[in-house]
Amino acid sequence: MAEGGAGRGRGGRGAIIAKLLEMEQRPRPPTSVSPPVQEVAQVPLPRPSGRGAILQRIQQIQAEAVQQPPATPTPQPLVDPVDQPSVPRGRGRLPVILGSPTPLQSVIGQVEPPPPAVTASAPSEVASVTKQFRRIQIDPNREPSINRGTTGQEVSATSNYIHLFLKEGRGIYEYEVRFNPPVDDRIYCEKLLFGQHRDLFGRNRTFDGVTMYLPRKLDEKDTKLTSVHPKTNETHIISLIFKRERSMGECTHMFNVLFSIIQRELNMVKLDREYFSKDRSYSIPQHKLEIWPGYITAVDAFEGGIMLNCNSSNKVLRTQTVLDIIKDIVSHSGGGDWKTVLQRMLIGQSVMTMRPVNIYRIDDIDFSQNPKSTFQKADGTVMDYVEYHRRKDIQIHDFQQPLLVHRPKPSKRPGGTGLLMLIPELCYMTGLTDEMRNDHKVLKDVSNYTRVNPNQRQRLLQDFIDSIKNSPSCVKLLDEWGLAVPEKPIQLTARTLPPEKIFFGRNFEDRGSSNADWSRTASTQHMLEVVNIRNWLVLFTRRDEKYSSDFVEMMIKVCPQMGVRIEYPAMQRIQDDRTETYLRGLREGLNPNVQLTVIIFPTSRDDRYSAIKKMCCVERPVPSQVINSRTISKSDKLRSVVQKIALQINCKLGGALWAVKIPFAKAMICGIDTYHDSKNRAQSVAGFVASMNPNVTRWHSQVFMQSSDREMVDGLRTAMATALQKYSEVNNVHPDIIICYRDGVGDGQLNVCKEHEVQALEKAFATVSPDYKPMLAVIVCQKRINTRIFLPRNGGFENPPPGSIVDHTITRRYLYDFFLVSQMVRQGTVTPTHYVVLHNTTTMDPDKIQRLTYKMCHLYYNWPGTIRVPAPCQYAHKLAYLVGSSIHKDPAQILCDRLFFL
Numbered sequence: 001m002a003e004g005g006a007g008r009g010r011g012g013r014g015a016i017i018a019k020l021l022e023m024e025q026r027p028r029p030p031t032s033v034s035p036p037v038q039e040v041a042q043v044p045l046p047r048p049s050g051r052g053a054i055l056q057r058i059q060q061i062q063a064e065a066v067q068q069p070p071a072t073p074t075p076q077p078l079v080d081p082v083d084q085p086s087v088p089r090g091r092g093r094l095p096v097i098l099g100s101p102t103p104l105q106s107v108i109g110q111v112e113p114p115p116p117a118v119t120a121s122a123p124s125e126v127a128s129v130t131k132q133f134r135r136i137q138i139d140p141n142r143e144p145s146i147n148r149g150t151t152g153q154e155v156s157a158t159s160n161y162i163h164l165f166l167k168e169g170r171g172i173y174e175y176e177v178r179f180n181p182p183v184d185d186r187i188y189c190e191k192l193l194f195g196q197h198r199d200l201f202g203r204n205r206t207f208d209g210v211t212m213y214l215p216r217k218l219d220e221k222d223t224k225l226t227s228v229h230p231k232t233n234e235t236h237i238i239s240l241i242f243k244r245e246r247s248m249g250e251c252t253h254m255f256n257v258l259f260s261i262i263q264r265e266l267n268m269v270k271l272d273r274e275y276f277s278k279d280r281s282y283s284i285p286q287h288k289l290e291i292w293p294g295y296i297t298a299v300d301a302f303e304g305g306i307m308l309n310c311n312s313s314n315k316v317l318r319t320q321t322v323l324d325i326i327k328d329i330v331s332h333s334g335g336g337d338w339k340t341v342l343q344r345m346l347i348g349q350s351v352m353t354m355r356p357v358n359i360y361r362i363d364d365i366d367f368s369q370n371p372k373s374t375f376q377k378a379d380g381t382v383m384d385y386v387e388y389h390r391r392k393d394i395q396i397h398d399f400q401q402p403l404l405v406h407r408p409k410p411s412k413r414p415g416g417t418g419l420l421m422l423i424p425e426l427c428y429m430t431g432l433t434d435e436m437r438n439d440h441k442v443l444k445d446v447s448n449y450t451r452v453n454p455n456q457r458q459r460l461l462q463d464f465i466d467s468i469k470n471s472p473s474c475v476k477l478l479d480e481w482g483l484a485v486p487e488k489p490i491q492l493t494a495r496t497l498p499p500e501k502i503f504f505g506r507n508f509e510d511r512g513s514s515n516a517d518w519s520r521t522a523s524t525q526h527m528l529e530v531v532n533i534r535n536w537l538v539l540f541t542r543r544d545e546k547y548s549s550d551f552v553e554m555m556i557k558v559c560p561q562m563g564v565r566i567e568y569p570a571m572q573r574i575q576d577d578r579t580e581t582y583l584r585g586l587r588e589g590l591n592p593n594v595q596l597t598v599i600i601f602p603t604s605r606d607d608r609y610s611a612i613k614k615m616c617c618v619e620r621p622v623p624s625q626v627i628n629s630r631t632i633s634k635s636d637k638l639r640s641v642v643q644k645i646a647l648q649i650n651c652k653l654g655g656a657l658w659a660v661k662i663p664f665a666k667a668m669i670c671g672i673d674t675y676h677d678s679k680n681r682a683q684s685v686a687g688f689v690a691s692m693n694p695n696v697t698r699w700h701s702q703v704f705m706q707s708s709d710r711e712m713v714d715g716l717r718t719a720m721a722t723a724l725q726k727y728s729e730v731n732n733v734h735p736d737i738i739i740c741y742r743d744g745v746g747d748g749q750l751n752v753c754k755e756h757e758v759q760a761l762e763k764a765f766a767t768v769s770p771d772y773k774p775m776l777a778v779i780v781c782q783k784r785i786n787t788r789i790f791l792p793r794n795g796g797f798e799n800p801p802p803g804s805i806v807d808h809t810i811t812r813r814y815l816y817d818f819f820l821v822s823q824m825v826r827q828g829t830v831t832p833t834h835y836v837v838l839h840n841t842t843t844m845d846p847d848k849i850q851r852l853t854y855k856m857c858h859l860y861y862n863w864p865g866t867i868r869v870p871a872p873c874q875y876a877h878k879l880a881y882l883v884g885s886s887i888h889k890d891p892a893q894i895l896c897d898r899l900f901f902l
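Residue 469 in UniProt numbering sits at position 469 of the sequence shown, and the numbers go up by one each step.
Rather than coming from a laboratory, the hints here were simulated on the basis of the structure. Any given hint could turn out to be false.
Think about it this way: if two alpha-carbon atoms lie no more than 20 Å apart in a straight line, the pair counts; the simulated DMTMM-like pairs of lysine to aspartate or glutamate are [unchecked claim]:
#1 Lys-221 <-> Glu-265
#2 Lys-661 <-> Glu-529
#3 Lys-488 <-> Asp-517
#4 Lys-488 <-> Asp-463
Pair ranges (Cβ atoms, derived) [said to hold, decoys possible]:
#5 Ser-281 <-> Val-382: 23 to 31 Å
#6 Asp-398 <-> Asp-439: 28 to 36 Å
#7 Asn-448 <-> Pro-560: 42 to 50 Å
#8 Asp-364 <-> Ser-604: 44 to 52 Å
#9 Ser-281 <-> Asp-466: 17 to 25 Å
#10 Val-382 <-> Arg-203: 46 to 54 Å
All C-beta atoms, glycine included, are put in the ideal place defined by N, C-alpha and C.
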């Protein structure tokens, strides 16, 4: 079995979290409900963020100290970060000690509380934590995990990765730093070390209070320095002890920060975690939009070495301020409750301030305050927001506007719970509204800038490389760290799997094609397994009577061509389109003999849809099909639309549309995905589907609610046990092999998934018998990735065809993983899916796992072609989405052996 990778992220957070979970299982003293605070030193510590929080957690677990709940301060909008500058932390601190300090910026459009006093723990404590941190890291020098297949035709390809090299004779050197007498405050450590010996170290170094990294080796193995404390005038002897030369694989975090500095040197600004260029922005004035182009970069260790992944990106901004939105809502309210409308529209949205450029989430609106409201500064003086901004050369014109409230996450506000008060006049909306997303004209105009084809994306990548090469400051920065960047992205070899044969009813076989599309066959041939429609109900309003009649007549025509016998339905007309009227009509029309109900809406409304689905999935369970009348209103397109609806209805009734050849006789293939409940954001809905027959065309589905990792583990164990029981009822035997495709797992969660979710699945086997131990494979699917693959063609580049695989060079160094392009994309650049084989006790080699994964991408019955993820994952997603967004309850058991959620 291939070895699973360590937790990813840019510093192995997953490995740390997995270790913490392991340590959490040891007996510990009871804790209070409130977040614990541990006394590490005699002086108050700022609340750590990022890795600092993880390291503090390790200390807490080691010490098993008695924890006290912290006092809850009253949040107050205090003041000027220029008066009391906060010290950068985590990634924010590294740019300073890498040699490109960020100047303190005045805050425009916001007022924040003063930062806490910054102190540090004693060097011995830092050393202990650092030692623990290193102990749970993976060894970056071990051999990479290589799991390559051979099936398919090899083709030349390229990708958006750039090899990074250290120049000959250059390296990164680790030193232990000791102070005599000891210095507890890291700030003073740096002043003693760098402030008084700047010529020795230069501007490029990293230092955590105990360990220092330099891009060059000092002349002496043990270096002694003398410094005078700037506050006490005490003389300190500083010892620098050489430890070892670090490998590139151990320095990926530092390289990531280095490329962040490079992007700032290229006049790009950081929005969230990405960098964008305001100077190269595009304006779409007819929609009041602006698009900023940019790049997403990440350095990591891959099978082919240390590489920079660089993908072009775009940020869609609106030229409307929040104040514009407020005025528009007030003017259209007609004296109504405009405040409620405003809260519903703005809370949860992201806004951008321009000076400095930053993104904030609106968490609340304070109607009791306005720009003339006052607050207390750190020095005790009182000032209003108008004067505060005037001193920063920013004019506020509307003194009656309410203030927006942003609650910073603890990781971004160490040691404090203060609020940021934002001025609507100075905040710009970001992203597209729901109305814009439903406007095809807006989407088309935006996609002209954001949807780039392979040639354009490669050109943008080359532009990024060239801009670094042509920037003297970037070249100097790279040279100081001894880093070499090639002129071109990497070249590699991909493989294209052969097309899959698609099997339909009456033994018809579609031999497949390179574009993986069988829509014509699906609409003209008999379905694989049909369910005849004899008793069904159609519910519609008076205004949609003609459309409803046309729909029924077309159903009567097209269904026999696909092998379905169909009778005329019961037609039930209702008087209006109120939700209550629809529900009353359903109660009157439904009876135990009704197989299916079709509900036709005059317009799309989420609340009405949710109410209908809740009744049909929970209260009066029956397969249901909701149709917007606009979809069936065009006579020239009615036939093709109804054919697709008929296919969908057959699935909801328990039929099957097509199949592919499955190489296992007694296998159960599962899909797992999660969705955040729209009513209870603290709770997620997990969807679990499992195949019930050898052809993998029938599915049993379950959902379970979870608000913690423990509930996820318990839910998985129960779901797997239930699926095994259902499989046995259908087949009179339990499966010999189980393959689980798990969606929704990020890099930092891989080890947690491997150590806990896999164990939960295996524990479910014991519910069958203590001796029941089927072969198990757990494969994680990752869609939100920045990897792109291109095929060179005729002097340019094009998307790889469906079935293209890359399982080397750009795969993770310590993971059993591969990239698969399974879908056909005709516009823009295709995004492959990243698959990580977390656990595998089967006899399947890489070829078989890759082929099976591609086969599963053919079995999603809502699309007559391949999709981006295996069908069980997509079914689990659709199920979790329906429950989490509409019905918020477990569906009726009578529906769980059908694809009622399509």
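Tested hints:
1. Lys-221 <-> Glu-265: Given pair Lys-221, Glu-265 is violated - Cα atoms ~34 Å apart, limit 20 Å.
2. Lys-661 <-> Glu-529: Since the Cα atoms of Lys-661 and Glu-529 sit roughly 16 Å apart, the hinted pair holds (cutoff 20 Å).
3. Lys-488 <-> Asp-517: violated (35 Å)
4. Lys-488 <-> Asp-463: OK: Lys-488 and Asp-463 at ~10 Å, within 20 Å.
5. Ser-281 <-> Val-382: 23 to 31 Å: Hint violated: Cβ distance 39 Å, outside 23 to 31 Å.
6. Asp-398 <-> Asp-439: 28 to 36 Å: holds (29 Å)
7. Asn-448 <-> Pro-560: 42 to 50 Å: With a Cβ separation near 44 Å, Asn-448 and Pro-560 satisfy 42 to 50 Å, so the hint holds.
8. Asp-364 <-> Ser-604: 44 to 52 Å: Violated: the Cβ-Cβ distance is about 30 Å, outside 44 to 52 Å.
9. Ser-281 <-> Asp-466: 17 to 25 Å: At 20 Å between Cβs, range holds.
10. Val-382 <-> Arg-203: 46 to 54 Å: Distance hint for Val-382, Arg-203 is violated at roughly 41 Å.
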